[in-house]
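J.: Sequence:
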Amino acid sequence: MEGKPLSELANSLISVFDEEVPETRDRKISVNPVVSKVASIYEKVRNAMDYRDQEVILRAAIERILKRRTLFGGVAKTIAEPLVRELVWARYFPDESVSESMTARVEERIDLYIKLRHEILAKHLIISEKSLNEWIYHLMSSDVEHTLCPRKKKEYMSNFMFRVMRDNITIIDEGEQQKDIQVFIAVHKSYAKDDLAMLRFHLFNQFLGKLTAENLPKVIENFPEGYREINNQLNYPRKDKIFNYIKDKTVIFFVLEDFLNIGKGGIKQLINDDGEFRRIIYSICEARYAGIASKVRTAIFRSIIFLLLTKALFALSIEGTFESIFYGRVLWTAILINIVVPPLLMAALGFSIKTPDRENSKKIFNYIRAILLSGDPKLANQLSIKTKPDKMKPLLNTIFSFLWIITFFLVFGIIFYVLNRFSFNPLSMFVFVFFLAIVSFLAYRINQVAKIYSIEPRKNVMTSVTDFLFIPFVTVGRKLTDGISQINVFLFLLDFVIEAPFKGLFSFFEQWFLFLQNKREELE
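Numbers given in the numbering used here equal positions in the sequence shown, counted from 1, plus 89.
There may be inaccurate statements among the hints.
[What the hints assert, rightly or not] Calculated lysine-lysine pairs in the DSSO-like style (CA-CA distance at most 30 Å, straight line):
#1 K212 / K282
#2 K540 / K133
#3 K336 / K117
#4 K268 / K353
#5 K166 / K299
#6 K443 / K475
#7 K212 / K328
#8 K212 / K243
#9 K357 / K219
#10 K268 / K117
#11 K353 / K126
#12 K219 / K299
#13 K299 / K268
#14 K353 / K330
#15 K242 / K477
[Unchecked claim] Here are the simulated distance ranges between beta carbons:
#16 I351 / T387: 20 to 30 Å
#17 Q143 / T167: 55 to 65 Å
#18 D142 / E189: 49 to 59 Å
#19 F505 / F161: 44 to 54 Å
In short, the hints are calculated from the structure, not lab data.
Where a beta carbon is used, it is the ideal one built from N, C-alpha and C, also for glycine.
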């Protein structure tokens, strides 16, 4: 491989990582360290109550602040500066890392989306106000995050991954444009870890263009059509098939990103030294594998806090009240089991996680070498699908549907039978199954975190048995978790009743500390 030229696409990517980013000399936003410490603790507790992936926590925090400040009559001019300061308080950005000039840019972005919402409502365009509000907050929070925290390297790597993956996927009965859109969505979900809000933002920019004062009238005119098209693309019938294929290859690009950051300034020389290139890729893989245990522990801890703070305490209080009224006493055995089993299940999951082996690292290295050196890299197991999959024979479809229903009743029936043997009352049974389903779903998500660095995960007999036993719980748990998240009254009270005065106190004490500092300076 000595001296073999890189592909044009690889050269373009490497130039971005080799580029020096100039540091701005604008005045930076500084906050009081005491206020910041308290605010960051509050933010950690708040985030533990709302189970989200680490990559979307900043955007979600921005959306939460925007909702609170607009609810209380805020406009762009009165929202921007406090929003940025709150984010620095909570240590989403280090102290003195955000320039004061950034506030004006954030204000401009917020103002554009407020105008967009106002004009769409005034023109009575075909979209409900509730849906429009959700969209505007999604777009606005995503745009503000991109303004405050532009991720140029991440965007270039996403584009590089898109260019590689699109040539390894074929949708037989669709055009290239449809395939490109779905690959774009899958790449941003799997590699960039974009949530629904960020996906809408990226697709909005693709279909309607980046929102500016100049193109605002055109965006308003085309918004209904863009809204429908984006929804259609996000609900494309074969999206999961494409996403799962791309997700299994995403580790290649995570490791490549690490390599480009490590080799900055001498990337091409490292690639031409096959032995050193291989050694670095293998060491990056090992470091990534070592981080799995830490990520899993964090995910397990957050899941347990999520359960206890947002659901368990509420549900168990109802269970205790029910038993006191109808049985004259609290059945502590059932309550204890309901408290202990979910954390134990999470802990058991942590001990069962296995890290990938050296063969996995070898595959990653070979893929990385291929995509850097080949002008048209082809990955193994290329994907070819149809919009409408081949229909299963009616008899087989009926049999499998019947077996799926039987599986549900069998699995849940066994659980209810065992609980009945332990003298659980009907409500205690419901609470147990309720939490078991939610924990199963959270455990499934944690397991996906652990598998993220395994390229083309192998399936075996145990995988099939596990799927048979747990998929019913995972399916129900997902529905419950999504549904409860929509009606989490405690979070609503926390965000709009408690957080507003709490952040007001932060602002007051920060100004008080600044006043005291000025007084001390007058004495010197």
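J.: Hints the structure violates: just list their numbers, smallest first.
T.: Numbers 1, 3, 4, 6, 7, 8, 9, 10, 11, 14, 15, 17, 18 - these are the hints that the structure violates, sorted from lowest upward.
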